[in-house]
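If you read the protein sequences in the order shown, they are chains Z and G.
Here the first sequence is numbered in the numbering used here, starting from 7 and rising by one per residue.
Here the second sequence is numbered in the numbering used here, starting from 150 and rising by one per residue.
Calculated from the structure, these hints are not laboratory results.
These figures come from a predicted structure and were not determined experimentally.
Where is the CB? At the ideal position from N, CA and C, for every residue including glycine.
One or more hints might be untrue.
DSS-like cross-link-like pairs, simulated, lysine-lysine; straight-line CA separation at most 25 Å [said to hold, decoys possible]:
1. Z:13 <-> G:154
2. G:323 <-> Z:38
3. G:210 <-> G:178
4. Z:23 <-> G:151
5. Z:23 <-> Z:13
6. G:414 <-> G:323
7. G:154 <-> Z:38
8. G:151 <-> Z:15
9. G:325 <-> G:232
10. Z:13 <-> G:151
11. G:431 <-> G:239
12. G:154 <-> Z:23
13. G:178 <-> G:239
14. Z:13 <-> G:210
15. G:387 <-> G:431
In silico contact screen, one side only, chain G against chain Z (beta carbon under 10 Å); selected entries [to be verified]:
16. 191
17. 204
18. 239
19. 253
20. 255
21. 258
22. 259
23. 338
24. 341
If you want the footprint, here are the derived chain Z segments under chain G, 3+ residues with CB under 8 Å [stated by the list, open to error]:
25. 21–31
26. 42–53
27. 59–67
28. 71–81
29. 132–140
Chain residues, written in single-letter form:
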Amino acid sequence: MSYSNVKIKVNGKVIEKEIESRWLLSDFLRDKLGLTGTHVGCEHGVCGACTVLLNGEPVRSCLMLAVQADGLEVETVESLAEEDGTFHPIQQAFANNHALQCGFCTPGFLMSVKNFMETHPDLPTDDEIREAISGNLCRCTGYSNIIKAVKEAYVLKC
Amino acid sequence: MKPPKFSYLRPNNLREALDMLAEYGEDAKIMSGGQSLIPLLNMRLSTPGYIIDIGRVAELKGIREEEDALVIGGMTRHVDVEKSALVQEKCPLLTEGIRWVGHNQIRSRGTIGGSIAHADPSAELPCMLTALRGEIVVVSSEEEMTLSPEEFFLSYLLTTLEPNQLIKEIRFPKIKQGSGFAFEEVARRHGDFALVEVASVIELNHNGTIVDAKIALGGANSVPFIPEATEEFLIGKKPNDSILKEAAVLQLDELDPEGDIHGSKEYRRYLTGVLLERALNKAIERAWGGVIV
Chain Z
7 MSYSNVKIKV NGKVIEKEIE SRWLLSDFLR DKLGLTGTHV GCEHGVCGAC TVLLNGEPVR
67 SCLMLAVQAD GLEVETVESL AEEDGTFHPI QQAFANNHAL QCGFCTPGFL MSVKNFMETH
127 PDLPTDDEIR EAISGNLCRC TGYSNIIKAV KEAYVLKC
Chain G
150 MKPPKFSYLR PNNLREALDM LAEYGEDAKI MSGGQSLIPL LNMRLSTPGY IIDIGRVAEL
210 KGIREEEDAL VIGGMTRHVD VEKSALVQEK CPLLTEGIRW VGHNQIRSRG TIGGSIAHAD
270 PSAELPCMLT ALRGEIVVVS SEEEMTLSPE EFFLSYLLTT LEPNQLIKEI RFPKIKQGSG
330 FAFEEVARRH GDFALVEVAS VIELNHNGTI VDAKIALGGA NSVPFIPEAT EEFLIGKKPN
390 DSILKEAAVL QLDELDPEGD IHGSKEYRRY LTGVLLERAL NKAIERAWGG VIV
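Start from the sequences, fold in the hints, and give me the full structure.
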């Protein structure tokens with residue numbers, strides 16, 4: 007059985023497909039569903055660019071098979087902005103604080119930060135933010151602006 | 150698509166999983182959280198004919214207390230151990246050390262059985278399990294056996310697990326009254342594998358004399374290392390700065406860490422001594438306080 011039927015809720019929409027069992031979730035999202043916001047960097051669990059939420063928890067989509075998400079719910083970066091293009095508060099805070107340059111790592115950061123804010127409702131310290139984003143690498147900004155953005159996201163969210 | 154072709158099997162219970170292992174074990178890999186296996190598949194360092202995904206085997210998940218141990222199912226995720234109030238109360242060393250396992254994106258998928266079975270000498274769980282003198286319960290379709298870490302870990306990424314066996318659960322001794330614990334690690338960034346790490350549990354009597362010392366050093370040898378002479382040296386002593394300094398370097402020349410771009414062999418050896426001294430100090434302070442932090 008190298009093919010599997012999967013039923014995955016992606017950004018609120020149920021997707022049913024027969025796929026090869028060896029498809030990674032990251033490649034399934036990008037190549038089968040056209041959700042290319044989820045970026046693929048190192049593909050062995052170091053860079054965090056492919057981070058998505060699985061049942062609300064952050065996971066590396068390059069470190070799981072799509073078939074493992076069968077019956078579960080996935081949120082990608084495409085789920086953040088409103089339909090009319092209005093940014094999510096985290097996206098707005100990243101834009102306001104120049105918390106990205108090339109933007110390649112940004113989708114992963116946004117999804118990690120979304121879960122962090124949901125699980126840490128009170129304004130965190132810089133150290134807590136640093137630990138929360140330690141699983142995401144950024145080669146451009148040096149993280150200071152990202153930390154500023156996370157703090158501003160807490161303010162914008164209220 | 151990176152992984153090589155394989156047949157995907159998803160057992161619904163332990164019996165099914167063990168039957169599949171009995172049938173395909175030689176050509177199969179167990180996938181629990183996949184956080185070590187999928188990189189190996191992505192890089193095609195491993196090309197199993199079958200993947201047996203035990204992610205839905207409920208019997209392998211969960212944390213329970215028994216009379217003499219805290220028992221954690223092999224498929225229990227790191228994040229569930231990290232957030233468990235029972236673990237914090239009965240085996241707080243685990244709570245302290247598990248936060249060093251990968252990043253939260255890894256801990257939300259990775260499992261403790263997977264980490265133990267992968268047997269990376271720099272990984273946190275094998276080191277903590279060895280320090281605690283815990284036990285690994287291994288099961289096949291024919292038998293179940295309980296192994297000590299010293300029996301189980303053979304070398305880098307190598308254990309005594311047979312192709313038809315999987316890790317059912319891990320047994321961690323509960324912390325004793327008068328004991329203190331500490332986990333110390335240095336990694337390049339939080340969540341990376343350790344350069345080196347130290348786990349220790351120290352028990353004091355009412356006079357402040359060390360009556361039991363359990364230590365494991367990780368990342369320093371091919372398997373977690375128990376510095377037995379150091380433990381014996383500490384037992385019966387009233388700890389002070391000079392005794393702890395002496396203890397911390399007693400067996401450093403028995404360590405054989407691999408040097409790489411992030412730290413030479415000599416640096417890692419030296420660092421192990423520094424971390425051991427820190428861990429002993431912290432464990433003793435906590436034992437004195439009688440407070441399990």
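Go through the numbered hints given earlier and state which of them the structure violates, listing their numbers in rising order. 2, 6, 13 and 18
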